[in-house]
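**Student:** Residues per chain, in single letters:
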Amino acid sequence: MILSKVIELLLGGMVTSIEIFLLTLLFSLPLGLVVAGGRMSKFAPLRWIAKVYISIMRGTPLMLQLIVVFFAPYYVFGINLSADYRFIAVIIAFTINYAAYFAEIYRGGIESINSGQYEAAQVLGYSKFQTFFIIILPQVFKVVLPSITNEVITLVKDTSLSFVIAIPEMFTVAKQIAASEASIAALLVAGVFYYVFNMIVAFVMEHIENRLDYYE
Amino acid sequence: MSLLEVKNLKKSFDDNVVLKDISLNVERGEVLAIIGPSGSGKSTLLRCITDLEQEDSGEINFDGTFGLVFQNFNLFPHHSVMKNITNAPIKVQKRDKSEVFEHARKLLSQMGLSDKEDAYPCELSGGQQQRVSIARALAMNPDILFFDEPTSALDPELTGEILNVIKDLAANNMTMVIVTHEMAFARNVADTIIFMDGGVIVEEGTPEEVFSSDNQRMKDFLGKFYD
Ligand SMILES: Nc1ncnc2c1ncn2[C@@H]1O[C@H](COP(=O)(O)OP(=O)(O)OP(=O)(O)O)[C@@H](O)[C@H]1O
Ligand SMILES: [Mg+2]
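If you're matching them up, the sequences are chains A and B in order. With the numbering used here, the residue at position 41 of the first sequence is 41, and numbering never jumps. With the numbering used here, the residue at position 127 of the second sequence is 343, and numbering never jumps.
Treat the hints as calculated values from the structure; they're not laboratory data. Treat each hint with caution, since some may be false.
Away from chain A, derived, C-beta distances all over 12 angstroms, residues of chain B [unchecked claim]: (1) K223; (2) L240; (3) N277; (4) S296; (5) E318; (6) P358; (7) D371; (8) N389; (9) V405.
Distance condition first, Cα-Cα at most 25 angstroms in a straight line; then the derived DSS-like pairs of lysine-lysine [unchecked claim]: (10) A:K175 with A:K5; (11) A:K157 with A:K5; (12) A:K128 with B:K313; (13) B:K223 with B:K322; (14) A:K128 with A:K42; (15) A:K142 with B:K310; (16) B:K223 with A:K128; (17) B:K332 with B:K322; (18) B:K307 with A:K128; (19) B:K313 with B:K332; (20) A:K128 with B:K299; (21) A:K157 with A:K128; (22) B:K310 with B:K322; (23) B:K435 with B:K236; (24) B:K236 with A:K142; (25) B:K223 with B:K236; (26) B:K299 with A:K142.
Backbone N, C-alpha and C define an ideal beta-carbon position, used for all residues, glycine too.
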């Protein structure tokens with residue numbers, strides 16, 4: 001197979017990788033905030049549920065979680081899902097996994113905000129809701145951004161784990177080509193793609209960090 | 217009727233009784249200074265009156281808006297000076313934007329900070345930050361302004377500028393309750409001084425009365441400042 005054909009096939013896979021990447025961030029970043037809220041709740045059962053959830057998500061392999069989310073509807077509930085479910089399962093598995101990591105990052109960020117910020121806001125009459133979204137959260141984002149960047153870069157590489165339920169993303173495609181051609185060239189090209197992908201991610205995150213650098 | 221009435225206020229943290237039985241009145245236009253040794257409950261008293269702490273028993277009668285100026289400013293670091301001052305009047309009091317901005321510019325010029333509108337708190341000196349926080353409190357049109365050691369976090373050469381701002385406010389009949397360790401200032405600016413020790417009011421009166429008191433605890437406390 002000629003190199004241009006390999007690249008063409010890989011680019012097709014890359015589109016799927018990017019979809020997984022973007023959809024995971026879209027859902028897990030806000031979900032992580034909700035989980036962090038549960039983790040810090042005054043209501044003990046909620047706190048406990050969030051804690052167990054986070055510990056399972058962080059304590060078991062993501063690859064295993066992908067398989068469970070994909071097969072559970074059939075083997076546990078006997079439901080036959082359409083072919084589309086394969087992709088949905090990937091998004092669900094990545095989202096719930098990354099939300100757990102983001103939740104812990106948010107929690108650290110929220111706890112790092114000085115109690116004087118809450119007190120100043122309260123004395124000025126801000127509601128709890130306003131205090132969180134106007135005063136606290138913007139400061140939290142700045143604090144947690146470097147940790148979020150680390151997770152986002154890991155996510156780029158983790159998308160390749162979807163090969164385990166045969167999603168035709170870049171790594172799955174590269175593996176198939178490598179097997180049929182008896183050559184690792186396609187895998188090396190895929191490696192270059194992941195690397196470039198992450199260079200772009202790092203560039204974008206650095207840009208956001210710089211934008212937030214207007215205060216200390 | 218007094219603007220602020222505190223009756224038989226009691227507050228403990230676990231078994232640490234911090235406020236034993238505090239009663240005081242503040243009249244409109246009055247400047248009250250609260251002095252006393254560290255741990256005597258001055259901050260706790262202000263925090264109960266401003267709802268940052270829940271008292272165990274007693275009564276606080278106050279009908280109006282108040283501002284609180286903190287020792288360490290507590291400005292919002294991600295908001296510009298202008299936004300720190302204008303955001304609550306606009307978002308909380310729902311006042312007209314242009315009126316609030318005009319008010320804020322007046323306050324900034326009063327504080328000598330007209331050129332700092334667009335600065336962020338981290339770009340200002342401690343004294344400038346404290347002046348912004350006073351402007352932020354004043355922007356809410358408070359009936360009464362509380363200060364908890366407004367100069368204690370500042371370098372000695374910067375305390376003067378804050379004390380002058382407070383003196384100006386007093387000259388304009390602003391009602392104020394000021395917790396301070398600056399004895400000369402308290403004596404100079406206050407109509408009434410309260411000396412607290414061990415969670416009770418030991419002395420209360422005009423500066424002349426309090427500073428010439430025969431009370432032994434009062435004399436010991438003042439002695440430390442005159443050594
Ligand atoms: N949130 C809290 N939890 C437990 N104890 C507290 C709390 N806040 C204050 N205290 C205790 O209450 C007592 C009075 O504290 P407070 O801060 O009111 O004193 P203060 O007169 O303001 O002292 P300073 O001059 O040092 O500021 C102290 O013994 C302090 O340890
Ligand atoms: Mg204090």
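**Student:** Please check whether the beta-carbon of L240 (chain B) is more than 12 angstroms away from every beta-carbon in chain A.
**Tutor:** holds, 20 angstroms
**Student:** Hinted pair, alpha-carbon criterion (25 angstroms max): K310 (chain B), K322 (chain B). Please report holds or violated.
**Tutor:** Status holds; Cα separation ~19 angstroms.
**Student:** Evaluate the condition: distance from the CB of V405 (chain B) to the nearest CB of chain A exceeds 12 angstroms.
**Tutor:** Holds, since 22 angstroms exceeds 12 angstroms.
**Student:** Check the hint pairing K435 (chain B) with K236 (chain B) against an upper bound of 25 angstroms on the C-alpha distance.
**Tutor:** holds, 22 angstroms
**Student:** Decide if the proposed pair is consistent with the structure: K128 (chain A) and K42 (chain A), CA atoms, cutoff 25 angstroms inclusive.
**Tutor:** At roughly 14 angstroms apart (the allowed maximum being 25 angstroms), K42 (chain A) and K128 (chain A) satisfy the hint.
**Student:** Is the nearest Cβ of chain A still more than 12 angstroms from the Cβ of E318 (chain B)?
**Tutor:** Non-interface label stands for E318 (chain B): nearest chain A Cβ at 19 angstroms, farther than 12 angstroms.
**Student:** For K223 (chain B) and K322 (chain B), compute the direct alpha-carbon distance and say whether it is at most 25 angstroms.
**Tutor:** violated, 37 angstroms
**Student:** Between K128 (chain A) and K299 (chain B), does the CA-CA distance stay at or below 25 angstroms?
**Tutor:** At roughly 19 angstroms apart (the allowed maximum being 25 angstroms), K299 (chain B) and K128 (chain A) satisfy the hint.
**Student:** Would you mind confirming whether the straight-line C-alpha gap from K142 (chain A) to K310 (chain B) stays at or under 25 angstroms?
**Tutor:** Cα-Cα ~28 angstroms, so violated.
**Student:** So if I understand the rule, the pair passes when the alpha-carbon distance is 25 angstroms or less; does K307 (chain B) with K128 (chain A) pass?
**Tutor:** holds, 13 angstroms
**Student:** Quick check for students: does the CB of S296 (chain B) sit more than 12 angstroms from each CB in chain A?
**Tutor:** violated, 9 angstroms
**Student:** Is the Cβ of N277 (chain B) more than 12 angstroms away from each Cβ in chain A?
**Tutor:** holds, 19 angstroms
When held up to the earlier numbered hints, the structure conflicts with 4, 6, 13, 15, 16, 21, 24 and fits the remainder.
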